[in-house]
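There are 2 protein chains.
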Amino acid sequence: MVQQDQLSATFAALADPTRRAILARLAEGECPVTELARPFDMSLPAVSKHLRVLERAGLIARGREAQWRPCRIDAGPLKGVADWTDRYRTLWEKRLDRLDKYLQQITVKKEKHHGRKPRRK
Amino acid sequence: MVQQDQLSATFAALADPTRRAILARLAEGECPVTELARPFDMSLPAVSKHLRVLERAGLIARGREAQWRPCRIDAGPLKGVADWTDRYRTLWEKRLDRLDKYLQQITVKKEKHHGRKPRRK
Chain Y
1123 MVQQDQLSAT
1133 FAALADPTRR
1143 AILARLAEGE
1153 CPVTELARPF
1163 DMSLPAVSKH
1173 LRVLERAGLI
1183 ARGREAQWRP
1193 CRIDAGPLKG
1203 VADWTDRYRT
1213 LWEKRLDRLD
1223 KYLQQITVKK
1233 EKHHGRKPRR
1243 K
Chain S
1123 MVQQDQLSAT
1133 FAALADPTRR
1143 AILARLAEGE
1153 CPVTELARPF
1163 DMSLPAVSKH
1173 LRVLERAGLI
1183 ARGREAQWRP
1193 CRIDAGPLKG
1203 VADWTDRYRT
1213 LWEKRLDRLD
1223 KYLQQITVKK
1233 EKHHGRKPRR
1243 K
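Chains Y and S, in that order, are what the protein sequence lines are. Position in the first sequence (first residue = 1) + 1122 = this note's numbering. Position in the second sequence (first residue = 1) + 1122 = this note's numbering.
Because the hints were derived from the structure by calculation, they are not lab data. Among the hints, erroneous ones may be present.
Which copy is meant is left open, because identical chains are indistinguishable; a pair holds if it fits in one copy or across any two.
Stated by the list, open to error - Dumping the calculated DSS-like pairs for lysine-lysine here, alpha-carbon to alpha-carbon at most 25 Å:
1) 1201 to 1223
2) 1201 to 1216
3) 1216 to 1171
4) 1234 to 1216
5) 1232 to 1171
6) 1232 to 1201
7) 1231 to 1216
8) 1223 to 1234
9) 1201 to 1231
10) 1234 to 1171
11) 1231 to 1171
12) 1234 to 1201
Taking the hints into account, I'd like the entire structure generated from these sequences.
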């Protein structure tokens, strides 16, 4: 159950566009909290709250330097997300295949309706 | 923002082991709510609540037959999760490489300490 709880914590932490934007910024390199807060038009305490959620989920780590506590991303838990999601890959690929076939069928029908020779791949 | 909200809804729906187990069951084929509820030792209303979260996130669809309303998985939103997560793949792969190198180093040090010839790949 430990693995599942980690996965739940990761998914919950990612269920917020600001937290995902923070991770996207940190993927470019570590930076201090004040710099992270800048693009979000949010108070420092509000950003700190998001950082605590990310830190608890193990998605970021924070330096101990009192002055600027740099944050850095830890992408480890995202591997768990990718592994979990990958089990369903064949399902959405099948779905896209079906959609593709359906669109081909209606294109052929439309072209027949307009008296044109149906295009073939 | 629509895309981001969809992604937040998907992540929030996946942040629960019971909901992930329901999806795993539905990946094998559609089934009625009563059958879905069986392995979880949960009341039917509790399972229905989870199903509503999954349905709102577009991860499942439910039939309209009054008697047994079969549920089926819709893996479409999981492609969004996979695409988002994939941007971070190089980061966790680098992390695993570093871990691998570190483990190799301490193995070599240990073997030197015990007077053995270090193994090489």
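Now the hints, each set against the structure:
1. Taking CA atoms no more than 25 Å apart as the test, residue 1201 paired with residue 1223 passes between copies only; the shortest distance there is 19 Å, against 33 Å inside one copy.
2. For the homomeric pair residue 1201 and residue 1216, the shortest alpha-carbon distances inside one copy (24 Å) and between copies (12 Å) are both at most 25 Å.
3. Neither within a single protomer nor between protomers do residue 1216 and residue 1171 lie at most 25 Å apart by alpha-carbon distance, with minima of 40 Å and 28 Å respectively.
4. In the homo-oligomer, the alpha carbons of residue 1234 and residue 1216 never lie at most 25 Å apart, since the shortest distance is 27 Å inside one protomer and 54 Å across protomers.
5. For the homomeric pair residue 1232 and residue 1171, neither the shortest alpha-carbon distance inside one copy (55 Å) nor that between copies (43 Å) is at most 25 Å.
6. For the identical chains of this complex, residue 1232 and residue 1201 are neighbours neither inside a copy (45 Å) nor across copies (30 Å), given an alpha-carbon limit of 25 Å.
7. With identical chains, the CA atoms of residue 1231 and residue 1216 are at most 25 Å apart within one copy only, with a shortest distance of 23 Å there and 50 Å across copies.
8. Taking the closest pair of Cα atoms, residue 1223 and residue 1234 come within 25 Å of each other only inside a single copy of the chain (17 Å); across copies the shortest separation is 62 Å, beyond that limit.
9. For the homomeric pair residue 1201 and residue 1231, neither the shortest alpha-carbon distance inside one copy (44 Å) nor that between copies (30 Å) is at most 25 Å.
10. For the homomeric pair residue 1234 and residue 1171, neither the shortest alpha-carbon distance inside one copy (60 Å) nor that between copies (47 Å) is at most 25 Å.
11. For a Cα distance limit of 25 Å, the shortest separation of residue 1231 from residue 1171 qualifies neither inside one copy, at 55 Å, nor across copies, at 42 Å.
12. Taking identical chains as interchangeable, the C-alpha atoms of residue 1234 and residue 1201 are never at most 25 Å apart, the minima being 48 Å within one chain and 34 Å between chains.
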